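There are 2 protein chains.
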Amino acid sequence: MNYPSQLIENAVNEISKLPGIGKKTALRLTLHLLKREEPQTRTLADALLAMRTQTRFCSRCHNISDGELCNICSSPKRDPSLLCVVVDTRDVLAIENTSQFNGTYHVLGGIISPLEGIGPADLNIESLLSRIGDEEVKEVILALNPTMEGDTTAFYLQKKLKPTGVRISTIARGVPIGGDLEYADEVTLGRSIVSRVAYD
Amino acid sequence: MNYPSQLIENAVNEISKLPGIGKKTALRLTLHLLKREEPQTRTLADALLAMRTQTRFCSRCHNISDGELCNICSSPKRDPSLLCVVVDTRDVLAIENTSQFNGTYHVLGGIISPLEGIGPADLNIESLLSRIGDEEVKEVILALNPTMEGDTTAFYLQKKLKPTGVRISTIARGVPIGGDLEYADEVTLGRSIVSRVAYD
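Protein sequence lines, in the order shown, are assigned to chains A and B.
Per UniProt numbering, residue 1 is the first one in the first sequence, and the count goes up by one each step.
Per UniProt numbering, residue 1 is the first one in the second sequence, and the count goes up by one each step.
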């Protein structure tokens, strides 16, 4: 592709380094910014830079944070005895969005995946174990994706957490609420029968 | 959505102002940048800013340009007597990519669309007419999208260009090369029969 301007080419190349964005989309976004007023691009560039250079990871739960501790860890309203283990900040956001959880989080920063060369040492597992020793954690909820990597990671964590004597649980798996039995995949439906819940 | 950090929220909001990017994708891109090294975000922000603040429009053809005249207008290899009228820079790039055109361009900067409130006065039509008067243009090729807006714009331009006596043509429309007659839509197929081309 011949670009009419070197500056356009640079912008397209940089944008297309983002995941899921190819050269064509990058060009569309570039041309969109060119059409808009200059302050929009300036605000975007500033927001990206501030986000990357000024945020850090919460020293306790490894969630993204503006300061030393994240909003959740520093809130007196949250229950520190309930710890929810998730893969990344996206999962924290998803669970926060439900307003059903009042405990704190621990962000692993990844998932065990031999194919991608990610082992337990690459994840925030040591700090999870030391939190359980230091803080008064009563229960650890494993909220990992129901995939092979998620199950592997959950299995590894269970093995590591067992000696601490903490209660370990996992989020419920089954047919989604509002879903249709007919269209549920057979693995989910099969597991939802095996792990059926008795009416109290 | 509750974001763990104000800086993240700002970045997500700014990214999601781009067309075709919602809050979820914006968050995904933000988290991607957070995972990568700081220089990547810095380079991206710089490239966006440089692209927006340092590029301008070619004073002759309104294509995007690093200087007063774009690479195409300033090239001695291009034929200035052949003028291809397109909607925006993307179309210039698409035609350049074919390596089949050796003339110069005129970028309208939009298309006549009463629904979106875009009229002839919003487009670079006056400068097109004055170019035909000033430069030695022999033929104007209308390379507009085969849509209602494109046809309206082409009709308007034909009316305006007729008094100048310049030769006016349009890009050929028909069944795409490599396409299958069976799967061509009926409008395209119908038009390709009506505007059939005789073997010489």
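If you're looking for bench data, these hints aren't it; they were derived computationally from the structure.
In this text the structure is predicted, and so the values were computed from the model without any measurement.
One thing to keep in mind: the hints can contain errors.
One copy or two, either will do: identical chains are not told apart, so a pair holds if it fits within one copy or between any two.
To be verified - Using 20 Å as the maximum straight-line C-alpha spacing, the simulated SDA-like pairs for lysine to any residue come out as follows:
#  : residue 1 : residue 2
1  : K77       : N2
2  : K162      : V187
3  : K17       : K35
4  : K160      : R36
5  : K138      : Q54
6  : K159      : R131
7  : K35       : E14
8  : K23       : R78
9  : K77       : H32
10 : K160      : G110
11 : K23       : D88
12 : K23       : D91
13 : K23       : F101
14 : K159      : I141
15 : K35       : D46
16 : K17       : L49
Results of checking the hints against the structure:
1. In this assembly of identical chains, K77 and N2 lie within 20 Å of each other by CA distance solely across copies; the values are 15 Å between and 57 Å within a copy.
2. With identical chains, the CA atoms of K162 and V187 are never at most 20 Å apart, being 28 Å at best within one copy and 68 Å at best between copies.
3. Proximity of K17 to K35 under the C-alpha cut-off of 20 Å is restricted to the inter-copy arrangement: shortest distance 13 Å between copies versus 22 Å within a copy.
4. Taking identical chains as interchangeable, the C-alpha atoms of K160 and R36 are never at most 20 Å apart, the minima being 53 Å within one chain and 29 Å between chains.
5. With identical chains, the CA atoms of K138 and Q54 are never at most 20 Å apart, being 34 Å at best within one copy and 58 Å at best between copies.
6. Proximity of K159 and R131 under a CA criterion of 20 Å is satisfied intra-copy only: 16 Å inside one chain copy versus 77 Å between copies.
7. For the homomeric pair K35 and E14, the shortest alpha-carbon distances inside one copy (19 Å) and between copies (16 Å) are both at most 20 Å.
8. Taking CA atoms no more than 20 Å apart as the test, K23 paired with R78 passes in neither setting, with 44 Å inside one copy and 26 Å between copies.
9. Proximity of K77 to H32 under the C-alpha cut-off of 20 Å is found in neither arrangement, the shortest distances being 44 Å within a copy and 30 Å between copies.
10. Taking the closest pair of Cα atoms, K160 and G110 come within 20 Å of each other only inside a single copy of the chain (17 Å); across copies the shortest separation is 62 Å, beyond that limit.
11. Taking the shortest Cα distances, K23 and D88 sit within 20 Å of each other only across copies (17 Å), while inside one copy they are farther apart (28 Å).
12. Taking the shortest Cα distances, K23 and D91 sit within 20 Å of each other only across copies (15 Å), while inside one copy they are farther apart (29 Å).
13. Taking the shortest Cα distances, K23 and F101 never come within 20 Å of each other, neither inside one copy (41 Å) nor across copies (22 Å).
14. Taking the shortest alpha-carbon separations for K159 and I141, only the intra-copy value of 14 Å comes in at or below 20 Å, while the best inter-copy value is 72 Å.
15. Taking identical chains as interchangeable, the C-alpha atoms of K35 and D46 lie at most 20 Å apart whether they share a chain (19 Å) or sit on different chains (18 Å).
16. Taking the shortest Cα distances, K17 and L49 sit within 20 Å of each other both inside one copy (16 Å) and across copies (17 Å).
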